[in-house]
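Asker: Single-letter residue listing:
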Amino acid sequence: MQTGWAIAAVLAGGLLACLGAALAYRARGARLVAQAANEMAALREALAQAEAQASGAQAVHASDAQAWMQKEAEFADALARQSAEADARRDALRAVETEQAALLALAERIEQEAGRLRALSGTFERWHEQMISLTTQNQDMRTKNHELSSIVAHVSIVSLNASIEAARAGAAGRGFSIVASEVRTLAARSQQLSNSYRDSLNRNDLVTAATFQDIQAGGKMITAALGTVEMLTGQLSGQLRERLQGARA
Amino acid sequence: MISAQAKDSVERIFFSAARTRLVSDGSACAIVPAAGDARPAPRDSHAVVLTISSLHFRLLLALRFRDDDVTRAYFGATAQRPLQDAFMEVANLCCGAMNQALIEHFPDLGMSTPYLLGSASIDAMHALGPHHLAAFDVTVGDAVRLGATLCICANAPVDFYAQDTAAVESGGELELF
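Quick note, the sequences are listed as chains A and B, same order. Here the first sequence is numbered in this note's numbering, starting from 48 and rising by one per residue. Here the second sequence is numbered in this note's numbering, starting from 3 and rising by one per residue.
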């Protein structure tokens, strides 16, 4: 009996143990389920956070990409604008170079013309030589006039002597006296004419000399002015040449 | 056509040029207006004529001289260098000094070479239709008598004032102190 009770007690104890073990197992399973659920929730939360972060990062990237695209577009516009400006400047530079080249050619032409016109001094000197030729002719006429004046003076003396001789001849020389008087009158008129001619030659000498000296002095004035023009145009063409070379360098 | 101060300026410029260029060895130079009208009698045998031309006027300077011993000695004439040549050189220097003074007021000027005429030709200056004619008796050294005639023909109004050379030099000296 006691053995039965013992067995029963053992069985009951075993049953209780089994029950306890079952309860314990069940409790452990419930804890494991709860733990798994918690972990799952944590994982879901982490996933959600990761998705949120990924979404934010994507938005940031998208924004950055938009900004870069905008900058790229701006850069492209700026490049196109600067390129257009560079083209315009290049065209303007070419136009300026062309203009400077034309101005240089013009300045060099003026310089050459001024240099060429300075040869006018030779023409003025030629006129001066012609003046000397004219005054030499005047001098020749003056000499001849002086000779004529001497002849007239001689004729006047001769006519006076003739008058004296006619007076000595008395009535016979009356006719000769009239002729001698007429010759003396003609000699006096000739002398007046000779004096007037001498004055004309003096005046002609002065006017000729003054006129040709004015031409000569005026020629020097023009030559000097042309020299100044030549020098200034030389300086201008030099500056233009330097600028043109600088622009092409 | 030619203002009074322009006439006066030209005459003062001539006086200054004559006193510095017509004399040698620092001898005296007396200049007085010629007696009578502006056309003195042809008492000298030769005259050297020079012309200064500008855009608006021409100025003739005629310097008369006698070919005598005193004049030949003063201007250093020799057998190899006749008085005419020596005096033309002096006259050229005198006119050159006038040209130099005038160029300060008239940038475009030209001067001729000297030319020798008979002094009687100077009496015909009126034939040039001058707007100003002035004649002076010039005595250089002790006894060298010269004659000078200034003749200006203008084709436009001429007016300028030339500062007295002596005043300028004096002013320059004062600035040094």
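To be clear, the hints were calculated from the coordinates, so they are not data collected in a lab. Treat each hint with caution, since some may be false.
What the hints assert, rightly or not - Derived DEER-like restraints, expressed as beta-carbon distance ranges:
hint, chain 1, residue 1, chain 2, residue 2, range
1, A, 244, B, 72, 28 to 38 angstroms
2, A, 144, B, 57, 15 to 25 angstroms
3, A, 191, B, 72, 31 to 41 angstroms
4, B, 86, A, 235, 27 to 37 angstroms
5, A, 180, B, 72, 29 to 39 angstroms
6, A, 132, B, 57, 43 to 53 angstroms
7, B, 80, A, 174, 29 to 39 angstroms
8, B, 29, A, 180, 35 to 45 angstroms
9, A, 188, B, 26, 53 to 63 angstroms
Unchecked claim - Away from chain A, derived, C-beta distances all over 12 angstroms, residues of chain B:
hint, residue
10, 4
11, 25
12, 30
13, 60
14, 64
15, 84
16, 95
17, 110
18, 125
19, 126
20, 139
21, 163
In this text the structure is predicted, and so the values were computed from the model without any measurement. No residue lacks a Cβ here, since even glycine has one placed at the ideal position from N, Cα and C.
Asker: Give a verdict on every hint.
Answerer: Hints, one by one, checked against the model:
1. A hinted range of 28 to 38 angstroms for the beta carbons of residue 244 of chain A and residue 72 of chain B is consistent with their spacing of about 34 angstroms.
2. In this structure the supplied range 15 to 25 angstroms is violated for residue 144 of chain A paired with residue 57 of chain B, their Cβ-Cβ distance being about 39 angstroms.
3. Range check, residue 191 of chain A to residue 72 of chain B: about 33 angstroms between beta-carbon atoms, so the 31 to 41 angstroms window is met.
4. Between residue 86 of chain B and residue 235 of chain A the C-beta distance comes to about 35 angstroms, which sits within the given range of 27 to 37 angstroms.
5. Between residue 180 of chain A and residue 72 of chain B the beta carbon distance is about 34 angstroms. The supplied range of 29 to 39 angstroms therefore holds.
6. The hinted window of 43 to 53 angstroms between residue 132 of chain A and residue 57 of chain B holds, with their beta carbons roughly 52 angstroms apart.
7. Under the hint 29 to 39 angstroms, the C-beta atoms of residue 80 of chain B and residue 174 of chain A, about 33 angstroms apart, fit the expected range.
8. The hinted window of 35 to 45 angstroms between residue 29 of chain B and residue 180 of chain A holds, with their beta carbons roughly 39 angstroms apart.
9. Under the hint 53 to 63 angstroms, the C-beta atoms of residue 188 of chain A and residue 26 of chain B, about 37 angstroms apart, miss the expected range.
10. Non-interface call for residue 4 of chain B relative to chain A: holds, since the shortest CB-CB distance, roughly 17 angstroms, exceeds 12 angstroms.
11. With a cut of 12 angstroms on Cβ distances, residue 25 of chain B stays outside the contact zone with chain A, its closest approach being about 25 angstroms.
12. Residue placement check: residue 30 of chain B keeps its beta carbon more than 12 angstroms from all beta carbons of chain A (closest about 30 angstroms).
13. With a cut of 12 angstroms on Cβ distances, residue 60 of chain B falls inside the contact zone with chain A, its closest approach being about 5 angstroms.
14. With a least beta-carbon separation of about 9 angstroms from chain A, residue 64 of chain B fails to lie farther than 12 angstroms from that chain, contradicting its non-interface assignment.
15. With a minimum CB-CB distance of about 17 angstroms to chain A, residue 84 of chain B clears the 12 angstroms threshold, and the non-interface call stands.
16. No beta-carbon of chain A is positioned within 12 angstroms of the beta-carbon of residue 95 of chain B; the least distance is around 16 angstroms.
17. With a closest Cβ-Cβ approach of about 5 angstroms to chain A, residue 110 of chain B is found to fall inside the 12 angstroms limit, against its non-interface label.
18. Residue 125 of chain B, annotated as away from the interface, has a beta carbon of chain A within 12 angstroms; the closest lies near 7 angstroms.
19. For residue 126 of chain B, the non-interface assignment is contradicted: its Cβ lies about 4 angstroms from the closest Cβ of chain A, within the 12 angstroms cut-off.
20. In this structure residue 139 of chain B is separated from chain A by more than 12 angstroms, as the shortest Cβ-Cβ distance comes to about 20 angstroms.
21. Chain A leaves residue 163 of chain B outside its interface by the beta-carbon criterion, the shortest separation being 22 angstroms against a cut-off of 12 angstroms.
In terms of the numbered hints stated before, the structure departs from hints 2, 9, 13, 14, 17, 18 and 19, listed from lowest to highest.
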